[in-house]
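J.: One letter stands for each residue in the lines below.
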Amino acid sequence: MSTVSPLRSTGDEQLLTGWGRTCPSMARVREPRDTADIEQAIAEVGSRGLLARGLGRSYGDAAQSGGATVLDMTGVSSIDLDANAGTLTAGAGASLDDILRRIVPAGFFVPVTPGTRMVTVGGAIAADVHGKNHHVDGTFGSHVLRLGLVGSTGERHELSPTGSKREQEDFWSTVGGMGLTGVITDATVDLIPITSSLISVDTERAPDLDSVMASMIAGDDRYRYSVAWIDSVHPSGRGVITRGDHADLSQLPADQRSSALTYRAKVVGTAPPFIPGRLLNKFTVRAFNEAWFRKAPQRRTDELQPIAEFFHPLDFVQEWNRVYGSGGFVQYQFVVPDSASEVVGAALRTLQRVGAPSFLTVLKRFGAANPGPLSFPQPGWTLAADVPARVPGLGRALDQLDELVASAGGRLYLAKDSRQSPDMLDRTYPRLAEWQAIRDRMDPAGLFTSDLARRLSL
Amino acid sequence: MNDALGEPQSVLVLGGTSEIALETVKALPRARIGRVVLAGRPSPARDEAVAGLTAIGIAGVTAVDFDAKDTGTHAELINSIFDAGDIDITLLAFGILGNQDDAESDPDHAIDVATTNYTGAVSVGLRVAHRLKAQGHGSLVVFSSVAGDRARRSNYVYGSTKAGLDAFAQGLGDALHGSGAHVLVVRPGMVRTKMSAGLKEAPMTTNPDVVAGIVVGALRKGKETVYAPGPLRFVMAALKTLPRPIFRKLPN
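As given, the protein sequences belong to chains A and B, one line each in that order.
With the working numbering applied, the first sequence covers 1 to 458.
With the working numbering applied, the second sequence covers 1001 to 1252.
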């Protein structure tokens, strides 16, 4: 007598990974179109639970859940612009890419965009993403006016940062909650009014890490957007700081003013599916970084750049994550308070010591934290570096870095994490227990889970 | 589950006193291991295994009672282990060598070898496979043997159980292909363990830690079959082509 079905595929299974293309797991993927579909999926959920997934841009295992039902939310993608109120209501699966195409010509910009526009609204809220304007505008979640959430009861309810105490708790536990409080259906966010689709950019080359950091401390307040690229394979830690603001119509040459709000976001190509794992090595990355550093002017001000060029340089090549080959990669991103700024240099030296060829190393200053117990940003420095997963000795080196970060009162970004230990999480997110208590109230049966949640006992 | 750098969090050893399996646990990256379940019959050796792994700093090592021949208990046992949390790596490592002369004079002894090595492994292997498929990730390592590659006069009962186990494990690997779970078949040659103590050493005899290193490397690369030591692959390929009149005359 058989008690279980044969070992056959059910046909709706997909092997899912994060953007880093490491540690895949199999899930049953459903593609809801509306709230009713989501409610039905929750009604039919199996013992491994359920998780919403957007465009899979979290680097690690946040948007995958082995054996579970995973909702591919990209079909829940309505976009409604309220130009009078300056707000946008969008389905959780709507991408910032689609949103920008709609709202920029109408004179609006998203309140926060990460380094890629290929993220969904639901993902941006769940990871509480930040962008180059964090020191001024905070995270994406800080601009959410309301959201719809289908919770473990299978019913959709409204959450806002201005509701009852419990509603506020639920709201701020969903913002940055990594999808573990329920399925976000839609959200309303405030927008930035713009008069042109261009960014007025100041670029500055700095010969070493100290001068990069000094320049950012001195000058970031004058700009809405600021970030530094660091040459992580050069011992000096030299870098290029780019800062800017939305250009006002009056800053444009007269002949461009009639098309000031034109939005172009072209894709130049797609990375080929098979790239040898050793393509990125310290020599190719050194050459790339040298060219990238030299390309930047010593100092240039008021250059007008299109939105895509300034905010989303990586999006010019689709599937760029393939350049790391079949072994995949990890992105290490931490934040430390200003009092521990030396950890930034220590991290760069550690990555150099293990010979990690990282060409996408980005340094930024964060502003104030928001009320979300699991929200990553806190005032100080954040550094993000890509590293191929197969670099020998990487695990131990990153564990040592974790120790430095934790001792300094810093922490790692869950949307990037694919390898920290449960202990590290416990130590560095002091409000974890508070979040867990709220989550347990919202989802007592533990319906919403992910590989990340299981790995870290979230 | 395994993290992005291939660090496992949980390991199940079926045959919890197997020297090769215990060496394999020791050879795994252990920074994230928080649970090791040693399944085997209660014995001082099993207690020592728990203590030994704990002593070298591996976290969460426990033992559970498991008898390969008592297939009626397997479903509940495997389910209770997996219900307590996902298992990233399962080592199917139990088996007995038996004695060829005893097996021929007392078929009950042959049945004992066959039940333990083959029937028990099929029972527990399928139950583990279902749980791996359900969790959508994980590796099952099946310790076969070169003895299963070609039956020899001197140990064909044991060899036949390993031949059956090997074929079963390959098929199971194909059944799980594309499920997120993965089966690795390991074919060691002669290994210096308590099982082989007192036997004449064959060429290319190796030590448990060498096999362990090969297993961990094969897991990292996602291999499906591996010989230990590696060059045995070619030796066995050659032996398999020998005509039987010649093979029979080879020294045992």
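Just so you know, these hints were derived from the structure itself, not from any lab.
Mixed in with the good hints, there may be bad ones.
[What the hints assert, rightly or not] DSS-like mimics (lysine-lysine), calculated; alpha carbons at most 30 Å apart, straight line: (1) A:Lys282 to B:Lys1200; (2) B:Lys1200 to B:Lys1249; (3) A:Lys282 to B:Lys1223; (4) B:Lys1240 to B:Lys1200; (5) B:Lys1026 to B:Lys1240; (6) B:Lys1200 to B:Lys1069.
J.: Now look at each hint and say whether the structure bears it out.
T.: Status of each hint after checking the structure:
no. : hint                   : in the structure
1   : A:Lys282 to B:Lys1200  : violated (51 Å)
2   : B:Lys1200 to B:Lys1249 : holds (18 Å)
3   : A:Lys282 to B:Lys1223  : holds (28 Å)
4   : B:Lys1240 to B:Lys1200 : holds (22 Å)
5   : B:Lys1026 to B:Lys1240 : violated (34 Å)
6   : B:Lys1200 to B:Lys1069 : holds (29 Å)
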